[in-house]
Amino acid sequence: MRILYNWLEEFVDFQAPPAELRTRLSLAGIAIDSIEDSTAGPVLDAEVTANRPDCLGHYGLAREVAAIYRRPMKPLQPKLLESADKAADATRVEIESPDLCGRYTARVLIGVRVQPSPDWLRQRLEAIGQNSINNVVDISNYVMFELGHPLHAFDLDRLAEKRIVVRRARPGERMRTLDGVERTLGPDMCVIADASRAVAIGGVLGGAESEIGFASRNLLIESAWFDPISVRRTSKALGLRTEASYRFERGADPEMAELASRRAAELIQQLAGGQLLAGVVDVYPRREVGPAIELSRKELLRVIGDDIPDREIEEILSALGFHPVRKDTHRGSAGSILAVWECRQPSWRRDVTRGIDLIEEVARHYGYEKFPSRLPAARQPAKRLPHTGALDLLGQRLIALGYQEIVTIPLVDRRRDEIFRSPGAVPAVIGNPLAEDASVMRSSGVVSMVAALEWNLNHGQRNLRLFEMGKTYELRKGEPLETPVLTLGATGLAREKSLYETSRQFGFADLKGDLDGIGRLAGGRWRWGAMTKSWLNPARAGEIGIPDPSTASSSCRPIGVAGELARKIADQLKLRQEIFLAELRLEPLLEAVREAGVLRKFEPLPRFPAVERDFSLVLADGVTFTQVVDAVCALGIPELRSIEAADLFRGGQIPSGKFSLMIRVAFQSAEATLTDRQIAEYSSQILGALERELGATLRAS
Amino acid sequence: MTTDPTSETLAELGATSPEAVREKFAVLQARFDADIARRGSDADEQPALAAEWTGRKAGALTRIAEHWLRPAPAELKRVVGQEFQKLKAHVESVLEQKRAELDARAEAASAALDRIDLSLPGVERRVGTRHLVRQTFDELIGIFLSIGFSVVEGPEIETPYYNFEALGIPEHHPARDNMDTFYIDGSRGNHLLRTHTSPMQIRTMEKQPPPVRIVVPGKVYRRDNPDATHGYMFHQIEGLAVDTDITFCDFKGTVEYFVREFLGPKARTRLRPSYFPFTEPSAEVDASCHVCGGSGCRICKFSGWIELFGAGMVNPAVYGFVNYDAEKLSGFAFGMGVDRLAMMKHGITELPLLFGNDVRFLRQFP
Numbered sequence: 000m001r002i003l004y005n006w007l008e009e010f011v012d013f014q015a016p017p018a019e020l021r022t023r024l025s026l027a028g029i030a031i032d033s034i035e036d037s038t039a040g041p042v043l044d045a046e047v048t049a050n051r052p053d054c055l056g057h058y059g060l061a062r063e064v065a066a067i068y069r070r071p072m073k074p075l076q077p078k079l080l081e082s083a084d085k086a087a088d089a090t091r092v093e094i095e096s097p098d099l100c101g102r103y104t105a106r107v108l109i110g111v112r113v114q115p116s117p118d119w120l121r122q123r124l125e126a127i128g129q130n131s132i133n134n135v136v137d138i139s140n141y142v143m144f145e146l147g148h149p150l151h152a153f154d155l156d157r158l159a160e161k162r163i164v165v166r167r168a169r170p171g172e173r174m175r176t177l178d179g180v181e182r183t184l185g186p187d188m189c190v191i192a193d194a195s196r197a198v199a200i201g202g203v204l205g206g207a208e209s210e211i212g213f214a215s216r217n218l219l220i221e222s223a224w225f226d227p228i229s230v231r232r233t234s235k236a237l238g239l240r241t242e243a244s245y246r247f248e249r250g251a252d253p254e255m256a257e258l259a260s261r262r263a264a265e266l267i268q269q270l271a272g273g274q275l276l277a278g279v280v281d282v283y284p285r286r287e288v289g290p291a292i293e294l295s296r297k298e299l300l301r302v303i304g305d306d307i308p309d310r311e312i313e314e315i316l317s318a319l320g321f322h323p324v325r326k327d328t329h330r331g332s333a334g335s336i337l338a339v340w341e342c343r344q345p346s347w348r349r350d351v352t353r354g355i356d357l358i359e360e361v362a363r364h365y366g367y368e369k370f371p372s373r374l375p376a377a378r379q380p381a382k383r384l385p386h387t388g389a390l391d392l393l394g395q396r397l398i399a400l401g402y403q404e405i406v407t408i409p410l411v412d413r414r415r416d417e418i419f420r421s422p423g424a425v426p427a428v429i430g431n432p433l434a435e436d437a438s439v440m441r442s443s444g445v446v447s448m449v450a451a452l453e454w455n456l457n458h459g460q461r462n463l464r465l466f467e468m469g470k471t472y473e474l475r476k477g478e479p480l481e482t483p484v485l486t487l488g489a490t491g492l493a494r495e496k497s498l499y500e501t502s503r504q505f506g507f508a509d510l511k512g513d514l515d516g517i518g519r520l521a522g523g524r525w526r527w528g529a530m531t532k533s534w535l536n537p538a539r540a541g542e543i544g545i546p547d548p549s550t551a552s553s554s555c556r557p558i559g560v561a562g563e564l565a566r567k568i569a570d571q572l573k574l575r576q577e578i579f580l581a582e583l584r585l586e587p588l589l590e591a592v593r594e595a596g597v598l599r600k601f602e603p604l605p606r607f608p609a610v611e612r613d614f615s616l617v618l619a620d621g622v623t624f625t626q627v628v629d630a631v632c633a634l635g636i637p638e639l640r641s642i643e644a645a646d647l648f649r650g651g652q653i654p655s656g657k658f659s660l661m662i663r664v665a666f667q668s669a670e671a672t673l674t675d676r677q678i679a680e681y682s683s684q685i686l687g688a689l690e691r692e693l694g695a696t697l698r699a700s
Numbered sequence: 000m001t002t003d004p005t006s007e008t009l010a011e012l013g014a015t016s017p018e019a020v021r022e023k024f025a026v027l028q029a030r031f032d033a034d035i036a037r038r039g040s041d042a043d044e045q046p047a048l049a050a051e052w053t054g055r056k057a058g059a060l061t062r063i064a065e066h067w068l069r070p071a072p073a074e075l076k077r078v079v080g081q082e083f084q085k086l087k088a089h090v091e092s093v094l095e096q097k098r099a100e101l102d103a104r105a106e107a108a109s110a111a112l113d114r115i116d117l118s119l120p121g122v123e124r125r126v127g128t129r130h131l132v133r134q135t136f137d138e139l140i141g142i143f144l145s146i147g148f149s150v151v152e153g154p155e156i157e158t159p160y161y162n163f164e165a166l167g168i169p170e171h172h173p174a175r176d177n178m179d180t181f182y183i184d185g186s187r188g189n190h191l192l193r194t195h196t197s198p199m200q201i202r203t204m205e206k207q208p209p210p211v212r213i214v215v216p217g218k219v220y221r222r223d224n225p226d227a228t229h230g231y232m233f234h235q236i237e238g239l240a241v242d243t244d245i246t247f248c249d250f251k252g253t254v255e256y257f258v259r260e261f262l263g264p265k266a267r268t269r270l271r272p273s274y275f276p277f278t279e280p281s282a283e284v285d286a287s288c289h290v291c292g293g294s295g296c297r298i299c300k301f302s303g304w305i306e307l308f309g310a311g312m313v314n315p316a317v318y319g320f321v322n323y324d325a326e327k328l329s330g331f332a333f334g335m336g337v338d339r340l341a342m343m344k345h346g347i348t349e350l351p352l353l354f355g356n357d358v359r360f361l362r363q364f365p
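Residue numbers (numbering that gives the first Met the number 0), protein chains in the order written: chain A, 0 to 700; chain B, 0 to 365.
There's no promise every hint is true.
[Stated by the list, open to error] Among the chain B residues that face chain A by a calculated CB cut under 10 Å, a handful are:
#1 VAL126
#2 GLY127
#3 GLY147
#4 ASP176
#5 ASN177
#6 LEU192
#7 ILE245
#8 GLY355
[To be verified] Covered, in the sense of this in silico footprint (three residues per stretch, anywhere, with C-beta under 8 Å from a C-beta of chain B), are these stretches of chain A:
#9 358–369
#10 379–385
#11 408–420
#12 430–437
#13 472–484
No wet-lab data here; the hints were simulated from the structure. Model, not experiment: these values are computed from the prediction. Glycine included, each C-beta is placed from N, C-alpha and C at the ideal position.
With the sequences and hints as input, model every part of the structure.
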């Protein structure tokens with residue numbers, strides 16, 4: 000809210016320059032964003048928190064200023080010249096729905112001259128961002144910004160039977176509001192009606208039919224109190240936020256209603272003349288007396304951890320209107336730890352109902368800066384997340400492998416998400432999205448990864464290796480399920496050309512190698528198996544499984560997939576480069592990494608040399624490297640150290656339907672140097688087994 | 000050319016007294032020195048020379064050992080041995096010295112030719128990068144771990160109860176104005192995307208008895224139209240400390256410690272009263288402007304202060320929702336925008352940069 004410095008001065012003598020006032024208000028809880036100059040003097044832009052509707056007017060803010068500078072408020076006593084005729088004879092007010100309208104006051108002015116506002120009024124309103132309309136409308140606005148209480152002026156002659164009925168809107172009832180929009184109202188909405196139709200939406204906006212114009216002569220000034228929740232509902236339902244609804248939904252001061260009406264009548268008489276009918280029609284079905292609230296020093300000390308002197312407590316609470324009275328039996332002993340003050344909630348502070356609320360009032364005006372600083376005593380060890388160690392290790396390893404970490408917004412495009420979604424998964428769809436490209440919580444990390452690769456490719460970055468540790472989201476039987484996943488994406492060159500090296504394309508083997516590097520952290524026990532995913536190239540895709548700890552057998556539980564993006568999808572997304580993707584569920588992976596770390600045991604370094612033998616095998620297509628390894632391992636040669644694939648080719652002298660695989664087998668004994676005879680014996684066993692099991696032959700060299 | 004004396008025995012050479020033995024050795028040494036003087040500094044000749052004298056099979060030293068030392072009569076054995084060792088030490092050390100000289104000369108000569116251009120790039124293995132937001136989380140979590148805060152995480156798809164009601168924000172509360180919310184279609188519990196990490200305050204207190212001291216890092220969502228500083232999603236870290244003796248002074252000390260750790264020992268902290276439904280008293284935590292140091296500039300709107308995050312003492316009403324005794328317990332809570340802190344620290348003005356994942360941006364924070 001915009002605050003005029005000069006306007007505040009009308010209510011309290013604080014004698015502080017605007018810059019100082021800015022700081023002091025900020026430190027009391029009214030944040031001032033900026034100070035500007037205007038024709039009506041300096042303007043402070045105040046950020047009033049939702050609990051302080053009393054500060055949505057200059058008078059209420061002046062009360063804070065008065066408390067800050069410990070200065071008295073100047074009394075607010077509008078002077079009225081009332082005629083002999085009574086307002087009560089000119090109009091009638093009925094409240095049919097007191098749950099929506101707790102008070103309704105009406106004053107009547109006869110024979111006013113509606114005309115443009117004088118300069119001072121126009122300038123003040125313009126300085127706080129309001130357009131000037133005419134003197135009567137401007138005055139009702141002016142009083143709202145002065146006292147924080149919204150008012151409305153009706154053209155009395157346009158009210159059927161010149162009376163007011165406050166009621167719920169009838170089903171389907173329609174009304175044109177001041178902004179010229181025809182609106183359909185609902186039965187939860189409070190309307191101000193005359194004898195026949197709605198003429199205003201209570202606490203939100205007036206109607207066009209009874210609007211004050213330059214021809215209006217006789218006025219009814221409404222100053223009422225509307226229920227905050229009802230106003231908020233109505234204004235939301237109609238998509239209509241006004242200065243009035245803003246105040247009523249936060250809670251206006253019902254006691255202020257009559258005073259604001261008097262102040263408006265005073266100003267109208269001054270600026271528009273006319274005759275003010277005597278008295279006010281005041282229907283007040285929900286008058287409430289503010290409750291008594293206690294503030295005890297004991298509680299203050301317990302919450303704040305520091306003391307505040309009696310005099311400060313009493314001055315602050317008095318200045319804010321709480322009328323503190325010591326009620327403990329230790330009256331007179333200043334600073335007593337047993338001191339208790341009984342306070343009265345003022346009508347403008349419905350937000351203050353408990354001792355803690357009073358403690359806050361006292362503390363903020365005493366000054367947060369006056370309290371000493373401490374660190375709380377620690378009674379428990381600080382714990383990281385269960386898998387922090389494994390997660391960090393994984394992240395560091397990926398970074399070392401050249402992958403850049405990304406962080407994405409999980410709200411994604413619905414159709415994109417569908418491409419990568421597992422069949423049967425129910426996505427968590429946003430019911431009220433702001434944009435189509437952010438209309439569902441992603442079902443996979445891949446969908447975000449592809450978008451990140453795409454962005455970079457479109458911005459000239461062609462060689463990419465990215466990873467994300469995020470979540471996927473879905474609904475299972477209507478309940479949300481969030482699954483942490485690790486997603487990898489790579490494209491372009493694995494190695495860029497330099498002075499010293501040639502370039503090389505990133506391929507499936509790179510992805511597999513990187514993943515196996517991760518697998519080594521997880522104990523090196525994961526297995527690759529065939530699988531199909533609609534979005535992966537079936538010839539270059541695999542499933543990763545890790546041994547299931549719940550079963551003793553060698554069965555594997557799949558934790559993820561890896562492969563090359565299917566060409567048809569790459570084309571659809573206009574990605575020309577080969578894209579490699581992998582997605583693994585993090586929880587089993589982290590558990591495996593953690594477990595592997597625990598189980599890892601030292602192996603003595605070999606004291607005797609290893610001996611390598613190469614076997615150039617010719618195998619039938621379809622035989623896998625794993626089959627070769629398994630066949631060799633099945634021999635149970637204790638000195639077998641490793642089996643590597645050393646060379647692989649097809650064609651040339653190799654007949655079609657076959658391929659050549661060179662394996663390099665290393666033997667090593669922990670007890671002795673192996674003899675040529677032993678090696679020869681093992682070699683012939685290996686060849687025999689491969690021939691027998693897999694039909695392998697040795698390639699003639 | 001004289002015959003090679005080392006192919007004959009000393010006796011054959013007529014050296015039968017110690018003096019004669021010494022003389023024979025002296026002659027050999029003189030011959031070696033002459034050889035060295037003639038050929039020792041020639042890089043091409045030097046290896047041959049070394050082989051002639053120290054070659055394992057046919058070098059002069061081997062032959063002396065064979066022909067002079069081994070067959071020497073007992074009375075001469077000692078003197079021959081001594082003389083042999085002397086000669087051997089002399090030959091080996093001179094040869095070694097010559098070789099070193101030659102090596103040094105060769106290296107100096109080749110260095111002039113092979114000197115690399117130090118300004119040429121090396122072979123740099125491209126390693127990856129940790130995302131700036133994650134780096135910031137690491138830093139923040141590290142600071143709070145150091146003063147006893149444990150880390151917990153919670154769901155992003157929440158219920159209205161945890162996100163709003165139990166935090167004192169019922170439907171139609173004006174505080175919901177700043178928390179426009181995405182709702183999930185077809186969920187059983189009218190689920191929503193959490194608008195802050197605060198629901199974990201409730202979930203944690205529901206699960207564990209006091210004392211509680213946690214931080215909650217995570218993603219949160221607001222239904223805001225995206226601009227330079229707003230997006231559908233951002234990151235928060237929530238803090239909560241509840242115990243029988245936690246006061247506003249502990250709260251103040253904790254945030255001051257945090258600000259100094261995060262922004263440096265010179266950063267000053269200011270608590271400005273504010274309002275949040277689930278804290279009371281509430282505060283905005285300001286730090287002295289990191290750009291101007293507090294004297295006032297464009298970044299801090301000439302106030303000298305930058306708003307960091309909201310915080311406060313836990314509103315006793317919250318304890319009611321988790322069966323904590325509000326009369327015995329007290330605590331504080333805070334919620335920081337992590338992206339904002341990272342942006343502030345590194346002078347980033349556009350939030351979308353953080354989630355666009357342009358590798359040129361990522362590489363700036365290695």
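Report the numbers of all earlier hints that the structure fails to satisfy, in ascending order. The structure breaks none of the hints.
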